[in-house]
Structures are given as structure tokens and as C-alpha cells.
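Line order of the protein sequences matches chains A and B. Count along the first sequence starting at 1, add 561, and that's the number in the numbering used here. Count along the second sequence starting at 1, add 356, and that's the number in the numbering used here.
If you're looking for bench data, these hints aren't it; they were derived computationally from the structure. Using N, Cα and C, we set each Cβ at its ideal position, and we do this for glycine too. It is possible that part of the hints are untrue.
[Claimed, not checked] Derived list of chain B stretches under chain A, where covered just means 3 residues or more per stretch with a C-beta under 8 Å from a C-beta of chain A:
| hint | region |
| --- | --- |
| 1 | 550-557 |
| 2 | 669-681 |
| 3 | 699-705 |
| 4 | 870-880 |
[What the hints assert, rightly or not] As a list, the in silico DSS-like pairs of lysine-lysine whose alpha-carbon atoms are at most 27 Å apart:
| hint | chain 1 | residue 1 | chain 2 | residue 2 |
| --- | --- | --- | --- | --- |
| 5 | B | K865 | A | K677 |
| 6 | B | K734 | B | K530 |
| 7 | B | K734 | B | K750 |
| 8 | B | K865 | B | K750 |
| 9 | B | K530 | A | K680 |
| 10 | B | K678 | B | K963 |
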Amino acid sequence: MPLLEVKNLTKHFPIRRGILGREVGVVRAVDGVSFTLEEGETLGLVGESGCGKTTLVRSLLFLEPPTTGEVRFRGEPVTVADAQRFRRHVQIVFQDPYQSLPPRMTIGEIVADPLKIHKVGDQKTIETRVRQLLAEVGLDPARSGDYPFQFSGGQRQRVGIARALAIEPSLVLLDESVSALDVSVQAQVLNLLKDIQERRRLSYIFISHDLSVVRYMSDRIAVMYLGRIVEHGPAEDVVEKPLHPYTRALLSAVPSLRRRTATRARLRGEPPSPANPPSGCAFHTRCPLARPECAERRPELIEWLPGRQAACHFALEGTAENRRD
Amino acid sequence: MLREFGEYLRTRPFALAGVIGVVAITLIAIFAPWVAPHDPLAQDLMASFKPPAWQADGTWKYPLGTDLLGRDILSRLIYGARYSLLISVGSVLLGTAIGFITGLLAGYFGRWTDTILMRLGDIQLAFPFVLFAIAILAVSQERTWWQLVLVLGGSSWIIYARVVRSRVLTEREKDYALAARALGASRWRVLFRYILPNVWQPIPLIGMLNLGFFVIVESLLSFLGLGLTPPTPSWGTILADGRQVMMVSGWVAVFPGVAILLTVLSISLAADGLADFFDPKLTHGNFRRVPLPPAERADQDPADGAPLLRVRDLTTIFPTRKGTIRALNGVSFDLEKGSVLGVVGESGSGKSTLGLSIIQLLDAPGRVAGGEIRFDGKDLARLSNRELTAIRGKRIGMIFQDPSSSLNPVLTVGYQLKETLRRHRSLPPHQAHEAARQALSAVGIADPDRVLRAYPFQLSGGMNQRVMIALAMVSEPELLILDEPTSALDVTTQAQLLDELDGLRQRHKMSMIFITHDIALISSFADDILVMYAGHVCEIGPRDQVIDQPRHPYTRALLDAVERVAVTETSRLAAIPGDPPDLTRLPPGCPFANRCPQVMPICHQVKPRRVAVGPNHEAACHLIDSPPSAPSQYGTTAVEAGRAAPASSVVANDNRSSRGNSSLVETAEDARGTNSISSTDRGRGESNEG
Ligand SMILES: Nc1ncnc2c1ncn2[C@@H]1O[C@H](COP(=O)(O)OP(=O)(O)O)[C@@H](O)[C@H]1O
Ligand code: SF4
Ligand code: SF4
Ligand SMILES: [Mg+2]
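Okay, chain B solo, but in the shape it has when bound (with noise of 0.2 Å):
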């Protein structure tokens, strides 16, 4: 952890000027008896008023100059320096152990005493706290070190509290701690063992700036003459000493000044560091994207005839300190206007990343490291981020699992709706709200008034997800992409909301990236299915071809994995044994080799190529015998060899083009009435058997 710490600071200069401030400082102060050169109280009469060494008449027996009694300013410095950190630091202990202590109790058994804790701070909170140390400390004749702690660490605790106490609540509903309490553990042990653990982050990095406060707090305080007794030194006191004689020897006041400034910048330098090294995204957002450079040949497509959108080689990284996460490696494929692309893979495949590669939504530090995306004939790894934005929510939604995260929870759904409506058509108010009732009634909102009036929390998830749909719609985008966006409900919601987006993208006409660890689920949804394992493809091609006639080992265990309702009690669910590869070392072969039922000697060294199997259906396997097996129509081999085969890659895009709009309808049309026609047989076969 300090090596990393020390790696980190390397990065950044201003983090490591301001740990080398404060480090240096605090040593000063604690050896202050061996690095001054006088006694801070020791006085020279004789050498009233000395200028700095370097002014005339100045000596170098004081470097910094005296005060009117002669004291060495530097000395007083060094030692004042030990009572402003003192005071500071005690201060701050103070407060965080008060504050900590208080915010514990009051989140963990809440009721009363969270009631009376949390009053008493807000009476203290809206009381000026000068005014209260003012009063306290104007009464006391001699005021000590103790006294100053007392009194700044005595009314800082209420923010530590708070922090605390707000952090206590989310922790003590979570699932670990009603574990806890459901193994037998007393509630002090769930709340010091458990619970205390999860909830102290924050405090050092307040401490911290409350620490630099502090320091200036205690000048003030001073200057107005309600500081340390006189002669004890602190930077308040040698300042408030220097106020007087400013116009005739300024160096008194402006040498405390500069240390006061000195070391709060040191402070806060460092804090700012801190929170970095332990939340880069707190301080940088989450969220830089740098476009891809232009491409060596940019071989434009032309817009017409080529599909929606068209993937090639993309290949997305996460640097991390643990090595580089290779999250996508060459993923290619099409969409064409208005189907539907099914991504099915186990989690950590990759799903969401490809999904938020597509919409250039990665967090940082992921990005996309090569490859094209051209949507509509734009490359949109390549676009700059203003041309981004014309696209982006726009053209191309995206729906993410969790709605909430998604949704702003103090603003009611209808005013987020009517502002996302006004924004893309410039609809009056009125017009607006009629607008907003039209669009929840087309995700299947029955009572669209109310949920108009509802804020997200007083909502459903699957009430939220329909939400969510509907803003995403307004735009009336040609590409949405779901992201599991129904992982999270119940399988009765999940099933309605399918029968949702089936009529939304019939309607409009719209592509859509479905993914989903659940084979089944898209089954009968996509019309085209794209099987990921640990950022590859391993197999892509129509629906019907991939479900009945696998040719991946790992599509095949997905697909015996779903099979559960044929399964009786005595048999055994077909599970996959093991875990996918780490994404920073994956292995030279088949990335699937660890866990394959078919692997070969040659799966672990060579890592299988794409190859056709079918019309539109490829797959990488080494079980495929590749010679006579047609290259990939996505180029990916056609790369390796050369970009061999431009004449087989339109054929085949004609091929897939063949199959358009009007026949895509249709399949739907089929699949749907044939399937109603197979669940009634079943029921009825069943029901009369019994």
C-alpha cells in the first residue's frame, strides 16, 4: 500500500510537493529543540527590531530578523509551529473521535437517539461558530493549548457525525448485517466487527481538510487577541504580534504568514492527493473519452447499402494498476436496419462493455484501443465529441440495468419526461404533458397519469424500466441497446416488458443490441444471436441456426444450462464447472480451453479462428475443421490474410441484406404464432393426461 502510495506520487508532482510540506513541517515541530537556534522566549534587548539577515544592518546570528524583544523570529517559528499543529491536529482528533463515536450510535440505534444527536447538532450548526469561541475563550484570563482544542474540536464533530451516521444507515440495511444478526451476533459486534469497518473512508480526507481550517483558525483567533497566553509562540501569535509594527518592520508579520499559507497549501495538496489515490473517480468524474486517431485507410463506406451499424476488430482495454484488463479482443459483426442482435455471455464477458464501447460511454480508464464502429458509415470511435453528441441518446439509446441509477430520484418522473420532450421537439407545456401520457401508454403504462406524478423510489423496477424506455424513445432512436435490462425483475415483469419492446421495435422500425446472460430469454426475441466468451465471439449467426445447430462448445453449454423445466428432481442442471480466464492473462489458445468438454492439445496453443459454418453463421472452434470451411465474412481472417476476399464479403452482406425489413416482420409474425400454438399443445397435453 506506502509503495503504491509511492509509485503514485511519482505521477503527480503537486500531490507530492504538498506529503513533502506536510512531512517536513511536522518533523520541524517535533524537533524543534534541535533545529531552532535560540530559545524562542530568550530575549536580547540589544537586538530590538533586527531586519532579516539579507537587509542591511541585518545579522545571521537571527536569518529571519527579531521582534521588539528581540526573540528570534525564526526560533519562535520553529516552536510556533509545534503549538499551531497542536492545536490543529488535537483539534481535528477531537472532533473525529466525538463525531465519529456520535455518528456510530446515533445511525446504528437511531429513534431517540438519533433524534437528540442529530438536534443538538443542527442548534450548534446554525449558532456561528466564531462567536461561540469568542465567548468561550474571552472569558477564560490564561488560555492554554487544551483550551483552543477544547473549543475548535469541541464544535467540529457535527460534521464527522453526520458523515458517519449517514454512512452507518445505508451499511446497517445491507444483507451482511442482517446476516450477521441472523448468525446470533450481539448488536455490538455487528455494529464495531461489521459495520465500523465499511464507514471510517471518508473521515481522514475531512480530517484532513478540516485540519488546514485549523491552522487558520487559530491565527484568527490570535489576531483578535483570543489566542495563546503571550509569550507561548504560535503562527497566530507571532502574527498578531507582527500586526502592530507592521508598517515600520513587516517582516514580524509576513514571515507567520507565509507559513500559515505554506502549510495549509501543503495540506491541501496532499489531501487532494489522498482522495485521489483511494477514489480516482471522486475527483476526476468517472468518465474522459479520447477519440480514436483516423484510421491509416480510411476507406469510407458509402452509407447506402452497408448495414446500420458495422463492428470490425473492436478491441476495448481497462488499464489498471494490476495489469491490463483486455475486456474486448476483435469483436466484429453487423446490425442491419430494424433486427434485432441477441449478446449472450456469462458475466465479465464483456456484454456491457461492447454496449458501452458502441455509444462511447466507457469509464475511465477504459477505452476502446482499436478497431471501427461505423454507425450509418461514421466511425463513432473516431468522431470527435462534439459530433458525438449528435448521436449519442440521440440516434443510439442506450438502457442500462438498473434504472434507478439511471433516473433522477428527487425529480418526478413527468417533469424528467416533459423536460426530455421539450428538449428534442420544442413542444409547448400543454402539448408536453399530453406527449409524455402517449409515450408511457407505448411501453404498456396503463395508469400513465400516475406514474407521471410519482418520483423513481415510489415506483417498480419494472415500472422504472418502462420509464426508462419511454425517455429513450422520445428521440425516436434507430439503435437501442439494452443492457440487461431486465436481469433485475421478476420473471412475470420481464415477460411483459419483452412483449413491450417486441411492438416498440416493430412500430418504429428500430435495431436493437439485446444483452443478456440468458440464452433463452432472447431466443425467440433476437433475430440474430452473438455468443461472447472473455471478449471474443465465439459464435454469431441467425437465431434458429445458433439454437438448434450449435457449433461452439460453449453455445452448447449455454444452451444445455437453460434447460431446466424438462429437468426432473433427480437429475442434475448442466452446469459449467470452473471460471473464465483472467481478462490480464489470457492464454495463448482457445480462451474457452480451461473449461471446454472437447478441448484438444492444440486448443491450449492456438487460438481458433472465426469461419463460416452456415449462411451468416460463423464460429471459432478448432473442432471446425478450418481448410475447407469459408473464411469470415467480418474480415477478420480476411485481415490476417491479407484482406484476401473483398468479393465473398459483399456476397455475403447481400445475403443478409436479402433477408430485410418487410421478411424480418414476418419471421416475427411466425415465431410468435407458432410458438403460442406449441405452449397450448403442451398445456393441453399435459392437463390431459392428469
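Only chain A is shown next, with the shape it has when bound in the complex (with noise of 0.2 Å):
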């Protein structure tokens, strides 16, 4: 049985205007997103701001609860009324080590917290805990009374992995939660989050909008555009032999050493607002190989190769126009 299975979620905001607030629209923020996720294993969650990642954690989380859509935990649908227990098991970890913790606790106070939430244990056990978290994610238990103020991006970051830690969740939700973060520093928390996945056997939700950081931390990908999964399949498959026209966009706008990305594959403009949403093919106004039925025809997430699915008509033509050029 899958720890997690998503189906159809979708997370639509109203649009309202005037005093009387008359709903004269939505933003389709999330628009049916369907996944599972195993025991152990990382998800990576991969595009560009707005595409509705961040929507799709909250409503994940129920600090949204989502529009339609049915979510399961260890086989058991989850609603409003019990996400409060949900939420033992599924933690959150936020991208902006400023504005993550609270700033007037003692880290020792915010991993405590949890713990004093869920009332685990008395004082003294808390106290101990505490102690282990700190030093499980790399910091001295001996600094647990000062602020955050104190700490550096990296150390920060690590305090949000202990908190999420606390209450010994089974998955833990990674929201951008490296992209603030020098390159250095970066690479000290992904090994740390792998290491801890390692001996708890976590599951992870990674998001980002680099494709470079999701593959080293994932087994599997799944490309988001507009609300939606365009691509999804094996990690190493997704980055090495991209299906959709939208990850190998992604996958040129990755810095690498003195590799300039050829203009070619650049992706033109910003990506279209969800509340108005292009016709067919969302990505059809920035695609380089829109072609007209691209605007007409919405093609679904299907299966191309085995374990491998694309939203594009044109999915396997894709690979074949890399070999042409």
C-alpha cells in the first residue's frame, strides 16, 4: 500500500471584485493532480514560481483544504475534520530561513514545540529530545538557547528540519527548502536531508525550480506547468531524456560550469496566468515546437514509454527533434 496517494486534486481560489465580493472568476491554482508516493521514497516536484507548487503543499497539508480531489494516507482518505491527525505524520519544511522561525523563540522553544503541541512526554523527556534533534541535524545541542538571529541561512534551515523532525513524521513535505540558500550551504543540508531519510526511512515531497537539486534528491519527478503534471517518471530518466518540450526548457535554464545554454532552448516570457489559462496545450504561447493543433487539443498525461508519462502530443518527437539537430 502506497504511504500516500493523491488523486484529481485540484485547488481553485475565487476571483472577487467590488464590495460585495462577486465571484467573477478562479484561479485554477492546483487543477487535477494525481500521484502516490511509497515508503522511503522522494518525490521531486519540479517548475517555475506560480505554477502552483507551494498551492499544492498547503492544500497536501490541509492549511488549505483542497477543492476537490481525494487524498489517502496509508489507505485511509483524509478529510478537514481529521487533518489534525494527519499532521502528525506530515511535516513541512519552508524555503525562507528568515521568515520560517519564529523569531523571538529559542530554537530550543521551536523544537520543542511540537512536542508540547502533541504532549509527548514531561519536561524532561522533551528536554532530551530536544537535545537529539539538534544534534541529529548537525547543530550544537549546547546552542538550543539562543535565537535564530544567531544562526547562519544553513543553521537556520536545519533548525526547520529538526522542528519538522520533532513528532517523528513519516513524511516530510521540503517546499523549496534550499533555494535561499548559498550553493555551499546547500549541498551541507541536501546531505543531511539525505542521511536523515536514510535512517527514519521518510518519504520526502522535494519541490523546487531547479532541476539540477531535484534529481540529486529524488527517485522520482514530476513536472508541473499551470496547475498540472506535464511529465513524470524515474528521476534519472526525466533529466537524461526528457519528454516534454517544458523539462528541457527547465533543464537549459540550469547553471552549469562555463555552459553557456544555447539561446535556442531558452523559454521565452513568463508563464501565462492560471486564471486565464492558454487553450489545448497550456504550454502552446512559449513551446518551441507548437504546432496548431497544440492550441486546440489539451493532451492528457499518458504513458509514451514504460514508467514514463508526458502531457504533449508530440512527446517522442521531442526526443527525435535533440537527435535531428
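Hey, can you piece these two chains together into the complex? The hints should help.
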């Protein structure tokens, strides 16, 4: 049985105008996303800002309950009513190391609070647990009385990880958890996350706009564009032999030592607004391979190669185009 | 904290006077029965209207004289302090309590709670407060202190409520509040344990200011006959008594007036001091520049032949309460016209400080403590503020990581851009519009008309950053400093923006200093790379040399850290263990010693000198055999060795300029050509395998 099953999840935000708050439209932030996650597995979620990654995560935690769709945890459906119970098993680590920790609590208090909320043990056990947790994420337990501003960005992110681990979740959502850090510090934190996963058999949903990082962390990768998954498959295949033109574009944008990406592969412009998505294939306004039918028919996410899905009418031709070049 | 405040007060005589005043008045009020020579209500009809002691007919029995009923004014004033303070302090406490709670609830629960509470406040604000007070107080026969507190306090809550509410609105959206909810914290826990500790800070200050205000309002009400019912003394009632006998016995009115004045003055001086102590930026502005004194040897370089920017031994410090942060420690480099210098290092290595030092925009208390920054022959650190304005923002521009902090949120992009265009080029309005459109097109904005009409918050981060660049380009700067301009953006947007910058730089023959933590990002963009660590230059040189033959262990570590596309899931990423040193206590030896994989005993004792390791390529590390290597061309070592080698530095500079503008463009073209081929090669290889 998979740890987490998500079926057809949508999250729509109404657009309201005027003093009466008349609904004049909806933003389809997440628009029919399905996936499963096994115990101990990492699913990478990649896409540009605004493609719905963060909304998806918040709906999964029921911080903003999904509009429609089904979330099953170990086979049991999760509803708004029992979100609180579900949260003991699912935790999150945020992006911004400066905003994600309460500035006027010591890091010891921050890590202890989840234990207090869930009434795990007495003061004594909580103290021991906090020291263990800080040590586990590579922080000096002797500093548990210090405040977040006394730590560097990477160290704060470690505090955030310790806080998420405190109530021993089985799934941790990592929402751009290293994007705000220096590259050299990113490496430290990513290695730490992998070690913890091995030790605790955790599952991760790892979110980033940078495919190189996602690839390092993930077993499978799902590429999102305008609220939908447009490609999905084993991490290595998706990065080495992408099926969707969007995946290729993301890949070409990753900075690498002295490789200036070919301007030809550069994505032009910004993603369209999810309040008013383009007809047919949502990517057709920026796709280098777009043809007339792309604006008319929406491609479904279908399996083109074993274990590999893509939502593009010409998924296999894309790779052929690479070859022709 | 209290000790720190004491220390701080010593340097601030006005604040000290204010605090002493407040404390004294409070003590007098508290200990009134012991301090006052007489009962404030005791009448001595024989001594009606005794003048103060020092006047003829005065007596030391009544130092400040008496009133109509022969009551001692001094004693009445001392007791009056009790009531005046009781009323004002009580009103402030009541106002803050109501305001704080409503602000918290309105801000956190929002929706109808918010609407009702805030509209109520609006109505109250719209209604003249004094009229309201008069109306209520006029109907009551006997006015006691708590009635005044109710009226004054009850009408001031809205000020606090608004401040608290708007702070709650900001805080509750922060990730830590969300994290608390995700942890399963109840709403009350999120509000009281997480949000509350971050919203109360401005309240004591507003309360202090309000306190002074209430002291005045209390006397005003008494003056109008609406204060405490006689004979209870308060400064207001004593003042009101005095009013009637102003002509004959002026002192009765003067002394309470003085008491009120001194109290209000003390309170506001103390409040000022407190505000300054807690947030120095609030009152001082965060920017104060003092030019360096002229150098002893003013060997003005001739402008021609010299590089556009020549930085020598630049030292920048931030004196703080916890010690002096040495953010830059002798940074030297040259920047030729039209070339791009990439500055790389981890957070806190001083990259931003370098950029801000050059453009002379350091936040107080930061200042350039030594060295020179010669831009086109002029030393920016020594120019007067007037002279600088001709350069800053005109010949040198700067772009920051967060564009929204540099754009005005309440003006459209078009307005801001046209305004800048008009200032710089004095264009008539219709031409300014067209010029603005072109300026936006030049930075790759496809639909300039839409962007011109938009407010910054309606645009994405990448779009705002383009607008910032367009704004900086209006004056066609010769040097553009970019501090992590793409670090907050997606990789896709980042790649687009780099393309635009490359185009601009080639079209305008502009020099750039590009600051980043990601060496991969500038590995193809910069001509030269400067690697910084703890405010020191570790390595500097042409990009090919620095990337292919790095000589400093820190450069190698940075390079390893970005190689991750090649990493497979089983291997681990190369990370640099540990943290940079504390800049207030730099070690005597190599600043990288505590993290360096190749550290040797000498590294802990002796700071490595910067030496040449190749053409225009220098590094500071003991691993490089120093004696045979050439001295640094940037004069850093030459200064130490008694400025020995002017000849070699001239040669070196010639070397650099021989690789001038025309060849720069070629190199860039070359790099692009080969790079795109190699990347397609890679792509082809991969898909063939598949
Ligand atoms: N306004 C300031 N007040 C006090 N210290 C500062 C200030 N600005 C920067 N610093 C200190 O200067 C050092 C270098 O910082 P910075 O130049 O921002 O590095 P970077 O840009 O490489 O991250 C850091 O230790 C930082 O804390
Ligand atoms: S369906 Fe058409 S527009 Fe969409 S990704 Fe495929 S080729 Fe591009
Ligand atoms: S001087 Fe020593 S500690 Fe510093 S970088 Fe070189 S080898 Fe490492
Ligand atoms: Mg910086």
C-alpha cells in the first residue's frame, strides 16, 4: 500500500470584485494532480514560480483545504475533519530561513513546541529529545538557548528540519527548502536530508525550481506547469531524456560551469496566468515545438514509454528533434 | 539589557535628562505624603495668597506660596502629580489594553471581526474627541479620577488597535505562523505563543507619547471646568484655580504650568531616547556618510591608461555594540572599461559590502576605514557628498537582489521610469513615453505598454528586476554593480536575465561587477572572477584560469559545490563543512584555516600574502610557494615591502589593457559559440544513447 495517494486534487481560488465580493472568475492554482508516494521514497516536484507547487503542498497539509480531489494516507482517506491527526504524520520545511522561524523563541523552544502541542512526554523527556534532534541535524545542543538571528541561513534551515522531525512524521514536504541558501550550503543541507531519510525511512516530497537539485534528491520527478503535471517518471530518465519540451527548457536553464545554455532552448517570457490559461496545451504559447493543433486539443498525461508519462501530443518527437539537431 | 541602556544613556545627555525627569516625577508622586510639607487640603485663611518665599512678604513655610484658601501650592503640586499621573497613566494603560486586544483579534481572525472593530474605530476617529469627552464629563456631577481614565483611555484605543492589527496581518502570513499551524498548534497557541511576541514592540513608545499628551489633556479639561471635582488637586485643577487670579497672584498658575511643561518634556525626551535605543534606524535614517580624509600621498593617477575602477586595500568596518565587524580587509582589484568582474563567495563574505562601499551607500554604522576606490581617477571614498551625487546613480548604478525594495510601491512603473527619464534627459512628456517603452524593450520586456501601466506588486520578481535594470540604464552608467540580481528568481528567469545583461553590456560597452554566491552562474558571463572569503580576496584572475586552474582551496571547494548535475543519487554532494569565522574576531592566520581541507600549521599563525600565480592571476594561500612567485600586481604586497615594484605594476597593467575592449567582445562571442555547441553535443550524446 502506498504511503500517500493523491487523486485528481484541485485547488481553485475565487477571484472576487467589488464590495459585495462577487465572484468573477477562478484561479486554477492546482488543476487535477494525481500521484502516489511509497514509504521511504522521494518525489521531486519541479516547475517555475506560480505553477502551483506551494499551493499543492498547502492543500496536502490541509492548511488550505483542497477544492476537490482525494488524499489517502496509508489507504485511509483524509478529510478536513481529521487533518489534525494527519498532521502528526506529515510535516513541512519552508523556503525562507529568515521567515520560517519565530524570531523571539529560542531554537530549543522552537523544536520543543511540536512535542508540547502533541503532549509527547514530560518536561524532562522533551529536553532530552530536543538535544537529540539538534544533534541529529548537526547543530550544537549547547546552543539551544540561542535565538534564530544568531544563526546563519543554513543553520536556521537545520532548525526548521529538526522542528519538522520532532513528532516523527513519516512524510516531510520540502518546499524550496534549499533555494534561499548559498550553493555550498545547499550541498550541506541536501546531504543532511538524505542521511536523515536513510536513517528514518522517511518519504519526501521535494519541491524546487532547479532541476539539478531535484534530480539529486528524488527517485521520481513530476514536472508541473500551470497547475498540472506535464511529465512524470524516474528521476534519471526525466533529466537525461526528457519527453516534454518544458522539461527540456527547465533543464537548459540550470547554470553549470561555463556552459552557457544555447539561446535556442531558452524559455521566452513568463508562464501565463492560471486565472486565464491558454486553450489546448497550456504550454503552447511558449513551446518551441508548438503546432496549430496544440492550441486546440489539450494533451492528457499518458504513458509514452514504460513508467514514463508526459502531457504532450508530440512527446516522442521532441526527443527525435534533439537527435536531428 | 538594563546595563546596556545605562551605557547608552551616558552618551545621550538629553535622553538621560528625560529619564531622570520621569523617574523623579514618578517618585515624587508615589511618595507624596512623605515629601509634601503640608496637607494639600489644609487651609490657612490667615495666609491667603502668600507669594513664593523669595519674594517680599513670602515665607519659607510656604515655599511656592499659597492660594486663595491659604493652601500650600507646593504640597498641592506634589499631590497633584499623583492625580495627574494616575489619570494619564491609567488612561494609557486602559487604551493600550483595549487597543491591543482588539488589534490582535481583528488582525488574526480577520473577516467580520475585523470589519466591525475597525469601522467602529473609524467612526470614533471621525468624531472630535474633545467634544465627546466634554459631553460625557459635563453630565456627571462628581468627576473622579477613574471617570477621566475611562473617557481618555476609552477614546484612545484605536491608535493601538491599528498598529497591532497591521503588524498581526504581516506576521500571520509569515512562514513561521504557517509552520506552527502545520505542527498542529491551535489558533490561540499560534496567536499568543507565536505572533504576539512579535507585534507589541511599538506599543510602549506610542504609549509614552500618549502619556505626555494626556497630561496636557487633563489640564485642558480642568481648565474648562471638566476635570476632577474640587478640592482634589491635580495640575489641571491647580492651574484652573490660578487662572482666576492671574493678574494679582500669577504664581498660582505659573507653577502648575511649569510642572506640566517639565513633565511633558521629560516624557518626550525619554521616549525619544528609548526609540533610538531600540531601533537606531528609526530616528537617524540608516545612512550617514563621512568621506575619508585626503590621503597623505596624493599621487593622483592620470586618468588615461588607468583602469576604469582601481580598488586598493579597501577596508570597511561596522562598529557595533558587540565589537567591530571587519567586513572588508584590504580588497584590491582593477576593473577595465567594458569588462565584467564576477565576485563570488558565501553569505557574509562581504560581497554586498564591497558593492556598497564602491558606490558609497553603506548603511550606518558601516564606513570605509581605509584604502582607495579610484573611479576614473577620482577617489570615491574621499569625494564630498556633493561631488558624489554627480557619480552615484549616474555614472555608477547599482541593482539589488530584491527589486521591490527599490521600486516605489504606490507609483506605476511608467511613472517612475518617465520621471527618471525626464530628470536625466529633459524630455517632453510624449517623448518620455516613447523612450520609456524603448527602455523596457531593451531589457527584453515583450509588452512594454502593459508593464508601464502596472504597479510593481502586479509584476513578477523577474519583471521588476528588469524594470530596475531599465531604470539604472537610463543614465547610461559606465559601471553597473549587480548584487545577487537573480538569486531570488527561478532558474529560467535567471537565464533570461543573464542574456539581457549580456546584450546590454555589449551594446553599451559597460563595465559590471556581478556579485553572486554561485560560481557556475558567472563562469561564462564574467571576464574576471574575484573569490572572496571573510572580507579577504582569496583568488582573482581571468575566469578561465580561475575555473580551470584554481589555486586556492576555497575556490576549489566552491567549484566542487556547484557540480551537481553530474552527481548520481548514490554519491554525495561536495559540501564545505563548518562556518565562516566571526568577523569581529578574525583569526591571526588564514581566515579559511578552520575549514580548509589542506590546512597546515603555518596557516593558523601567518596570514598568507597575495602572490601572482599566472598572468593577472593571483591567490593568497600558503600552499603556493611564496618566495619564487611574483609579488601582487595590485600593490598589496608592494605596500608591505615598502612599495618596491612600481615597474612591475605598470607592466602588469599594460598586460591587462592589451586584452582590451575589442578582444573582450570576441572572447564573449567565442565563449557563446563553443558553449552552445558543447551543450548540443551533450544533448545529442544523451538522446543517441536512449
Ligand atoms: N548594516 C550592517 N550593520 C552591521 N553589520 C553589517 C551590516 N551590513 C553588513 N554587515 C556585516 O558585514 C559582513 C559582510 O556582509 P555582506 O557584505 O552582506 O556579505 P555578503 O554580501 O557576502 O553576504 C557580515 O558579517 C555582516 O553581518
Ligand atoms: S502539446 Fe504542443 S504545445 Fe504542448 S508541449 Fe507538446 S508540442 Fe508543445
Ligand atoms: S593558507 Fe592554509 S588554510 Fe588558508 S587556504 Fe591555504 S592551505 Fe588552506
Ligand atoms: Mg549579499
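Right, here's what the structure says about each hint:
Counting residues of the region 550-557 of chain B whose CB falls under 8 Å from any CB of chain A gives 3; the rule of at least 3 is met. Under a criterion of three residues with beta carbons nearer than 8 Å to beta carbons of chain A, the stated coverage of the region 669-681 of chain B fails, only 0 such residues being counted. Coverage of the region 699-705 of chain B by chain A holds in this model, with 3 residues showing a Cβ closer than 8 Å to a Cβ of that chain against a need of three. Coverage of the region 870-880 of chain B by chain A holds in this model, with 7 residues showing a Cβ closer than 8 Å to a Cβ of that chain against a need of three.
Between K865 (chain B) and K677 (chain A) the CA atoms are separated by roughly 61 Å; this puts the pair beyond 27 Å, and the hint is violated. Note on K734 (chain B) and K530 (chain B): the hinted pairing is violated, with a Cα-Cα distance of about 45 Å set against a maximum of 27 Å. Between K734 (chain B) and K750 (chain B) the alpha-carbon distance is near 15 Å, which keeps this suggested pair within the 27 Å criterion. Restraint check for K865 (chain B) and K750 (chain B): satisfied, since their Cα atoms lie roughly 15 Å apart, inside the 27 Å limit.
For the hint pairing K530 (chain B) with K680 (chain A), the CA-to-CA distance comes to about 25 Å; that is within 27 Å, so the pair holds. At most 27 Å may separate the alpha-carbon atoms for a hinted pair to count; K678 (chain B) and K963 (chain B) meet this at roughly 24 Å.
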